[in-house]
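Participant: Position chain C relative to chain Y; hints supplied.
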Amino acid sequence: MADILQTLILGLALGGVFALMGSGLSLVFGVMRIVNLAHPVMIIAGAYVAYWGFKLYGIDPLVMLPVAIVILAVIGILLYKLVFEREARSAKYSEMTVLLTFAVAMIVEGALGGLFTNTQRVTSPAYATDAIFIGDVFIPTGQLYAGILSLVIIAGLALFLKYSRFGYAIRATTQNREAAELLGVNVSMVALVSFAIGIGLAGAAGSLVSFVFSFFPAKHWEWIAVLMSLVVLGGMGSLLGTVVASFLLSVIAAFVGTYIGATWSTMTFFLALFLILLVRPQGLFGEKPELA
Amino acid sequence: MSELLHVSNVTAGYGDGPAILDGAELTVEPGKVHCIIGPNGAGKSTLLKAICGMLKVRKGDVLYRGESLKGLRPDQVLRKGICFVPQERALFPKMTVRENMRMGGFSLPDTSNLEKRIDEIEERFPILKERRDQHAGTMSGGQQQTLAMARTMILKPDIVMLDEPSLGLAPKIVQEMFDIMRMMAAEGITILLVEQNALMGLKNSDWGVVLDLGKTLFSGPAKDVLQDPRIQDLYLGGSKAA
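Protein chains in written order, with this note's numbering: chain Y, 18 to 309; chain C, 808 to 1049.
The following block holds chain Y by itself, in its conformation from the complex (with noise of 0.2 Å):
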């Protein structure tokens, strides 16, 4: 009985951090139809963000935080500039932003590693080897401040989008970019806002993922499918179906992981994803999936 709890709850834990992962993700595809395979990596170099300031400076990651979501912003704004908004009428778009993307993460692959070299990082703050104790079961303290803080930072967002006057034209331009814009939506500055609220969300997603997970700049082709099967589980673009999709797959990992084989825990994430796409491909809150 102890150990269900316990996988549960680690499970649990990993889930808000997985959600906070797939958020950007979500928003990205959502608003701009950009399937984002450079998502990953910018996760690693937000990580990257907090490693360095509590290496150097002894900053908690937890302050680098806001510090990583700017830096990363700002990436992403210059990025959607060069790579994506003179493509953005075509009608090619998603399937041309794969093969950018692509390319997108594997120079930020190779300029990190040229940076920062190859090796394994982890930021190490007191609490990220500590854990609380209830009873017989543990919390891991680094991955508890992780689960919540993500939360924080997705209600945040949800609570931006729903009630903003900004968020009612991302919303709206997600839904139905023409309607939009005949109603006076800037539907080009959206586009280049929620890519920076996107690329930001992955620096925030780094800071809290560089004292979780052992990181170096090749390690995001291994999240790819991750975070992939999470966003394709929730449905493409739906934030709430991320949430769902990232505790839902996590607990089941964390299970896997227990109960079956650690080596088998990430299959879980690939597995889900082919039987996602053979059985529901819109996902559990997305729309029917839409081709042309």
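Treat the hints with caution; some may be incorrect.
[As the list claims (entries may be wrong)] Distance condition first, Cα-Cα at most 25 Å in a straight line; then the derived SDA-like pairs of lysine to any residue:
1. C:K901 - Y:S205
2. C:K923 - Y:G184
3. C:K901 - Y:M123
4. C:K1022 - C:P900
5. C:K1030 - C:D1040
6. Y:K179 - C:L921
7. C:K901 - Y:E195
8. C:K901 - Y:G173
9. C:K901 - Y:I149
10. C:K863 - Y:N203
11. Y:K109 - C:R880
12. Y:K179 - C:K839
13. Y:K179 - C:F913
14. C:K1022 - C:R865
15. C:K863 - Y:S205
16. C:K901 - Y:Q23
17. C:K839 - C:D940
[Said to hold, decoys possible] Computed far set for chain Y versus chain C, every beta-carbon distance over 10 Å:
18. T24
19. D153
20. V169
21. G274
Calculated directly from the structure, the hints in this document are not laboratory data. For clarity, every value in this text was computed on a predicted model and none was experimentally measured. Cβ atoms here follow ideal geometry from the backbone N, Cα and C, with glycine treated the same way.
Facilitator: What follows is chain C alone, placed relative to chain Y:
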């Protein structure tokens, strides 16, 4: 004759493609309902898109109160008082009815009266009040079209352009949509309607315009268009239809 909007000799098309409109003419008088009819591909929707700035006017001009709309973006045309309700997909399906209404006022520079304005409109369309917290995409086709049309009234526009409000609706519901349109006209909103259902469209309009192959063939009082034997044969399904 006073004219509100004048389309003169306009050529327009999609991207680098061929011209769909090729010398179209249109005169819009204030307060009246104008119905544009014509076969598929005649350029009816293209004309509305060219007026609202979604498509570039390649040749000719669009004059609104004597001022050219050429080269303006859709949001700029909207701010001048011309609303366009595109075919079928004018709404945000996963936003509530109320949120859709708020989006209708997005272009307002001052939104302090927006909620009050929406309340007023909801009073007149009880179904929208009843469904205010429901996602727009879960409503029936007629209710969605009602929302799309009612939403334009938030801006108190001069001209509302409707692209096939009857599409996919049952005949009884279609008449309801035309009733709403007539009510808007009675309040002084000028209507520019594109209809595939030419007979019903003309019966509910003051003025008829026949468009074919991107050119304006005929323009006159809707009654005259309905009774013109050539137009009956070509566009209204034969003389028995009228």
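Participant: Quick one, are K901 of chain C and S205 of chain Y close enough, alpha carbons at most 25 Å?
Facilitator: This hinted pair holds, its Cα atoms lying about 21 Å apart.
Participant: Is the Cβ of V169 of chain Y farther than 10 Å from every Cβ of chain C?
Facilitator: holds (24 Å)
Participant: For the pair we were handed, K1030 of chain C and D1040 of chain C, check the Cα-Cα distance against 25 Å.
Facilitator: It holds: about 15 Å lies between the C-alpha atoms, which stays within 25 Å.
Participant: What's the verdict on K179 of chain Y and K839 of chain C, does the C-alpha distance respect the 25 Å limit or exceed it?
Facilitator: Roughly 39 Å separates the two Cα atoms, so the pair is violated.
Participant: For a C-alpha distance cap of 25 Å, please report whether K179 of chain Y and L921 of chain C respect it.
Facilitator: Since the Cα atoms of K179 of chain Y and L921 of chain C sit roughly 17 Å apart, the hinted pair holds (cutoff 25 Å).
Participant: Decide if the proposed pair is consistent with the structure: K901 of chain C and M123 of chain Y, CA atoms, cutoff 25 Å inclusive.
Facilitator: Between K901 of chain C and M123 of chain Y the Cα gap is close to 36 Å, so the pair fails against 25 Å, i.e. violated.
Participant: Holds or violated: are the alpha carbons of K901 of chain C and I149 of chain Y at most 25 Å from each other?
Facilitator: Answer violated: K901 of chain C to I149 of chain Y is near 41 Å, above 25 Å.
Participant: Is the Cβ of G274 of chain Y more than 10 Å away from each Cβ in chain C?
Facilitator: For G274 of chain Y, whose nearest Cβ neighbour in chain C is about 35 Å away, the distance exceeds 10 Å, so it holds.
Participant: Within a Cα-Cα threshold of 25 Å, do K1022 of chain C and R865 of chain C meet the stated pairing?
Facilitator: This hinted pair holds, its Cα atoms lying about 15 Å apart.
Participant: Are K901 of chain C and E195 of chain Y close enough, with their CA atoms no more than 25 Å apart?
Facilitator: holds (15 Å)
Participant: Quickly compare the C-alpha distance for K901 of chain C and Q23 of chain Y to 25 Å and report which way the hint goes.
Facilitator: violated (38 Å)
Participant: Can you confirm whether the C-alpha distance between K1022 of chain C and P900 of chain C stays at or below 25 Å?
Facilitator: Judged against 25 Å, a Cα distance of about 35 Å means the pair is violated.
Hints 3, 4, 9, 12, 16, 17 from the list above are not met by this structure, while the remaining hints are.
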